[in-house]
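Chains as they are written, first to last, in the working numbering: chain A, 1 to 384; chain B, 1001 to 1252.
In case anyone wonders, no lab produced these hints; they're calculated from the structure.
All of these numbers come straight from a predicted model, not from anything done at the bench.
Warning: the hint list may mix true and false statements.
Claimed, not checked - Just so you have them, the derived chain A footprint on chain B, three or more residues with Cβ under 8 Å:
(1) 1020-1027
(2) 1067-1080
(3) 1203-1210
Stated by the list, open to error - Computed beta-carbon distance windows for the label pairs:
(4) A/I25 / B/P1091: 47 to 53 Å
(5) A/L122 / B/E1030: 37 to 43 Å
(6) A/W339 / B/A1063: 51 to 57 Å
(7) A/P161 / B/G1109: 32 to 38 Å
(8) A/L192 / B/D1120: 37 to 43 Å
(9) A/A126 / B/G1069: 44 to 50 Å
(10) A/L122 / B/N1038: 19 to 25 Å
(11) B/A1177 / A/I25: 17 to 23 Å
Note that CB positions come from ideal geometry on N, CA and C, so glycine has one too.
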Amino acid sequence: MSTDNIHKTVAEASSLISWDTWDRIKHTESFVLLSSVLFVLLFSYAFGRAPVVSDVFQGYHGLAITILIWSIFALGFNLLLGQTGLLSFGHAMFFGTASYAAALFAIHVYNDPLAVIVVGTLAAVALGAVAALILLRLHTVYFSIVALAIGQFLYFLAREPLVEITKGINGLEVPRSAVFGVFELEHQYGGLLGELVVNNLYLFVGVFFVAVVASITRIRKSPYGLIFKAIRENETRTAFVGLDVWRYKFAAFLLSAAIVGLAGGLMAVNTQFAGVERLYWSVSGDVVVMTVLGGLGTLAGPVIGTFVFFYFKGIVNGFPTLGNYWLLLLSLSFTTVVWVYRDGIWGMITALTGALRDPRELVAAVRARVTGGDSTGDAPGGED
Amino acid sequence: MALLETRGLTKEFGGLTALDDVDIDVEEGELVSLIGPNGAGKSTLINTITGRLHPTEGQVSYAGTELVGMKPFEIAQLGVGRSFQTASILPELTVRENVQVASFAAEHGSFRVNFFRRRDSFDEVQSRTNDILDTIGLDSKARMEAGSLPYGDKRRLEVAIGLATDPDLLFMDEPTAGMSPTETQMTVNLIHDLLADWGMTIFLVEHDMDIVFDVSDRIFTLHQGRLIAQGTPEEIRENPAVREAYLGGGEQ
């Protein structure tokens, strides 16, 4: 009798953590915040130093920092493409301009990493306001192409006519300086902290990464998150309910520019350098690939996409023989993933974990795919 | 003065005159219907009044405000709502989110800076959304993706979005098209409720003549862009020009 009771209690206790509860928890802001903090703390270690895991990844600390910064870039880009449905092929303009602004401010005015990054972000926002006045008049492919054109215009402008300021193809050097004159970015930690984060530079970038993830989560849960999606789905309908679509698109554009600008500023601090190649069109292309590969419109997607991109570029690239074909291998993976899963790698993960929960759904999904039925049954990755 | 007035409203597409010198008046609190054979210009008239199309000539005034030249969102903010002929919903959003977008527009105006506030913290928006879902009878499907709704429910959601914008004047463009008899009856009941309990003014475009003659206070008849008759259902039923347009037009 008593054992029955115990069994009952155990069964009830385990049902407390049901799938429904998990679904609720995983969308809360505190869970997202906690996950991003844990991710930052463990990422460099798992990537570069942990036993077994790092042997698989063969990563290193410097690349981990680069991936965090580019993840911020991809998250900012995704706010515009994934949430609002505006595909810009010119987001390098914010990355590169912020980098230059940060470097110029550090060289000519005041060199504190924090101030430098704020200046970079503000420069990107200012550029965003001007670019939006031109771009938001345009739709679909015209929007994308003119964004590309503005980016390339700035690239050539920085390369030749403004060579006095930008030092052209040589670029600008940003001397290292301490945050508030106290926290040296190169400072190395010992013990467990040293094992996890190595130095202040990683912590500095990590704090911004967490802040960006938290901000984007909040924006997605705000009225803007909903209205951005509404604009993506049906712009005309959104206008006819009484919303000023132009101003909401303008807001999305500026928020996106600010986050990408932050990444650009961080890049200048991280590499101690700002150069013209950050304005080049292929940078805009890379961020599109990262975002779409990882999972459009989701939070984890752009981060995963950035990781995979740099894994190919930084690690596979160094493999004997195979390394020569890293770009080909990346393209093959990209095509395969996006062909099968519209929501990229993150969509693939959510579909697979969803299938593990309910095998019947998996069978139905496979059958639908084989018989050529529509694939709307795919779990939308991190929707909301 | 009437709530809505058009004067000499004309819309030309190239050489084609879709609306020809249309004068209509809609009084506050009444239900008027617009009928006419296919291609008579019914949708063009709605689109011209609500700002989707710009008239070639003429004026539209709503509660004393000139609407010509205003953007659709500005007209919506004045209290002119509309539901679309084809279910113009937001397919990848949930039913609840579809209504919520319109509730935000009604409660917060056309634009507000609040991107760092959670949307479930706006109680007035939540309660408006709940009220509308309850009124339309979609509350049990609130968490479904709108695109996966059956056709009749999509049409109801379309009306729900229009209602959530809190209009004083609501344009309903063929709200019962494609609905089952039960759903049609629900929609007719809803229209009666909106007039009686919500004090709304309704401008209905409808193909189902039984509904039109049942619910309308007055009926406008459009034919080849011209207003050929207006009056009570009895007057319209007996009107020879209307009979001619429908029987002689050969389109119905």
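Quick rundown of the hints versus the structure:
Against chain A, the stretch 1020-1027 of chain B contributes 0 residues with a C-beta closer than 8 Å to a partner C-beta. That does not satisfy the three-residue criterion, and the hint is violated. Requiring three or more residues with a Cβ within less than 8 Å of a Cβ of chain A, the coverage given for the stretch 1067-1080 of chain B holds, as 5 such residues are present. With 0 residues bearing a CB less than 8 Å from a CB of chain A, the stretch 1203-1210 of chain B misses the requirement of three and the coverage assertion fails. Against the hinted window of 47 to 53 Å, the Cβ-Cβ separation of A/I25 and B/P1091 comes to about 28 Å, which falls outside the hint.
A/L122 and B/E1030 have their C-beta atoms about 55 Å apart, which leaves the hinted 37 to 43 Å range violated. Distance hint check: the CB atoms of A/W339 and B/A1063 are about 54 Å apart, consistent with the given range 51 to 57 Å. At roughly 44 Å, the beta carbons of A/P161 and B/G1109 sit outside the given window of 32 to 38 Å. Separation of A/L192 from B/D1120 is about 39 Å and conforms to the stated range, judged on CB atoms against 37 to 43 Å.
For the pair A/A126 and B/G1069, the supplied restraint of 44 to 50 Å is violated, since their beta-carbon distance comes to about 32 Å. In this structure the supplied range 19 to 25 Å is violated for A/L122 paired with B/N1038, their Cβ-Cβ distance being about 57 Å. For B/A1177 and A/I25, the Cβ-Cβ distance of about 43 Å falls outside the hinted range of 17 to 23 Å, so the restraint is violated.
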